[in-house]
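Peer 1: The chain contents come next:
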Amino acid sequence: MKRAEDINEKIPWQEMTVGCEIYEPGTSRLTKTGEWRSRTPEWIKDKCKQCVLCAPFCPDACIPVKDGKREEFDYDHCKGCGICIKACPFDAIVWREE
Amino acid sequence: MSIRDRLSGNEAIATAMRQINPDVFAMFPITPSTEIPQYFAQYVADGKVDTEFICVESEHSSMSACMGAEAAGCRAVTATSSAGLSFMNEVLYVAASSRLPIVLAVSCRALTGPININHDYSDSMAERDSGFIQLYGENNQEVYDNYLMAHRIAEHPDVRLPLMVCEDGFITSHAIENIEIEEDDKVKAFVGEYKPENYLLKEENPLAVGPYGVSNYYMEAHVAQAHAMMNAKKVILEVAADFEKTFGRKYGFFEEYRMEDAEIAMVIMGSSAGTAKAAVDELRESGVKAGLIKLRVFRPFPGEEIAQALKNCKAVAVMDKSEGFSACGGPLYAETCGACFNLETRPKMVDIVFGLGGRDFTVEAAKSVYDRLGKIAAGGEIGDIYTHMGQREK
Chain A
0 MKRAEDINEK IPWQEMTVGC EIYEPGTSRL TKTGEWRSRT PEWIKDKCKQ CVLCAPFCPD
60 ACIPVKDGKR EEFDYDHCKG CGICIKACPF DAIVWREE
Chain B
0 MSIRDRLSGN EAIATAMRQI NPDVFAMFPI TPSTEIPQYF AQYVADGKVD TEFICVESEH
60 SSMSACMGAE AAGCRAVTAT SSAGLSFMNE VLYVAASSRL PIVLAVSCRA LTGPININHD
120 YSDSMAERDS GFIQLYGENN QEVYDNYLMA HRIAEHPDVR LPLMVCEDGF ITSHAIENIE
180 IEEDDKVKAF VGEYKPENYL LKEENPLAVG PYGVSNYYME AHVAQAHAMM NAKKVILEVA
240 ADFEKTFGRK YGFFEEYRME DAEIAMVIMG SSAGTAKAAV DELRESGVKA GLIKLRVFRP
300 FPGEEIAQAL KNCKAVAVMD KSEGFSACGG PLYAETCGAC FNLETRPKMV DIVFGLGGRD
360 FTVEAAKSVY DRLGKIAAGG EIGDIYTHMG QREK
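If you're matching them up, the sequences are chains A and B in order.
Using numbering that gives the first Met the number 0, the first residue of the first sequence is number 0, and each one after it goes up by one.
Using numbering that gives the first Met the number 0, the first residue of the second sequence is number 0, and each one after it goes up by one.
Read the hints as simulated data drawn from the structure, not as lab findings.
Hints may contain errors.
[What the hints assert, rightly or not] BS3-like cross-link-like pairs, simulated, lysine-lysine; straight-line CA separation at most 30 Å:
id	chain 1	residue 1	chain 2	residue 2
1	B	K201	A	K9
2	B	K313	B	K366
3	B	K194	A	K1
4	A	K9	A	K78
[Said to hold, decoys possible] Beta-carbon label-pair distances, calculated as ranges:
id	chain 1	residue 1	chain 2	residue 2	range
5	B	I175	A	Q13	47 to 57 Å
6	A	V51	B	S214	31 to 41 Å
7	B	D241	A	P55	28 to 38 Å
Cβ coordinates follow ideal geometry from the N, Cα and C atoms, glycine included.
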């Protein structure tokens, strides 16, 4: 069975899976979809009260939570939608100046 | 033993579905295909099948539901016509590129407008590039037989493509004929169980279907899909050979009717072929070397085989029962000409668009086509290569 990690831009069409099927879960880790982002949220740690409201609002699960506390954004997968900025009651997430 | 029974085309398809007992039927009604889910609903109510019968809100949804069911590892079917098939358009491409072997019964009906419920192939021809295999039947028996072969072709590991079983709306779908129905257990044994290797909630390795595939993967995906359609040719013939061995009726890509020494021939599809065969018989009695090719498989298009079958003819009329609005001929003409172009010597070929929206096609009309072909074959002018037949005209 073809593993997702063996599907890449070098393989010939004969080695693609039928219908581009993927035979295992959790393969979004292999694809850095954060490249699509045009704007980037930034976490202001000093203002953060660790209420962790931002994490469940993130549609792409890009705010990791460990031991009840949020950590730095997963920028490899954050699309820059800005929902976390709206969700934060303490202005602890802002658009990064580009 | 086969069972002799009188059935409409729709009931023949519904009967085949009952015998196959698919896992899911996602239904939405539209004339003239409505009777298929109507008959099937009775089978569900009577406990003759254990199919999950889902009444959805549109054809876009019925095809989408079939996709979900197939991805989950089920055998999924539906039926539609005309505008319903057009409304499925987007999902047909997704189903084909996701390589989900859904079987779709199409009672072919003209597309609007003007609004028309009668037969032509404008609906199915509009989906000729969707990636579905397309089988066409001349009569109720062929439609039933095509349906019995459909799942095996579609689900074959070298193919894995969805498939349309096409019948002529009303002419075939509603007319009742005496046909041979096979016994339930023999049908079940012939069609077999559907056991896909992978499916959505497979415990050991769950399946993901329909990933993002832009320029770095799309080309490879489509080349693979194109090869699957080429592979379907071999599988269609293998399944037909087993069908003949099992049930005794013979099928190929097309039927060659009195083509052995034919100098003039027609390429035609569906019920109209029966009418044209009567014309061929009459002409043969008066010594005219007329023949006919009735196409059963439009996708994959059997180009090389058709070219071989036509290569000794002097003049050929391709009969298109859909317009296409290309201003130079209908879709069947374009395919047939393309197939014959590289022959060393090829027949003169004209396109005749006929029977649109249920306009009648008669033996006399077919004879007039052969009359014209006879004159072309005798060295006369070919005249307009793209004409219409059967319309009122000044």
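Peer 1: Of all the hints given earlier, name the ones this structure violates by number, lowest first.
Peer 2: The structure conflicts with hint 7 only, although it agrees with all the remaining ones.
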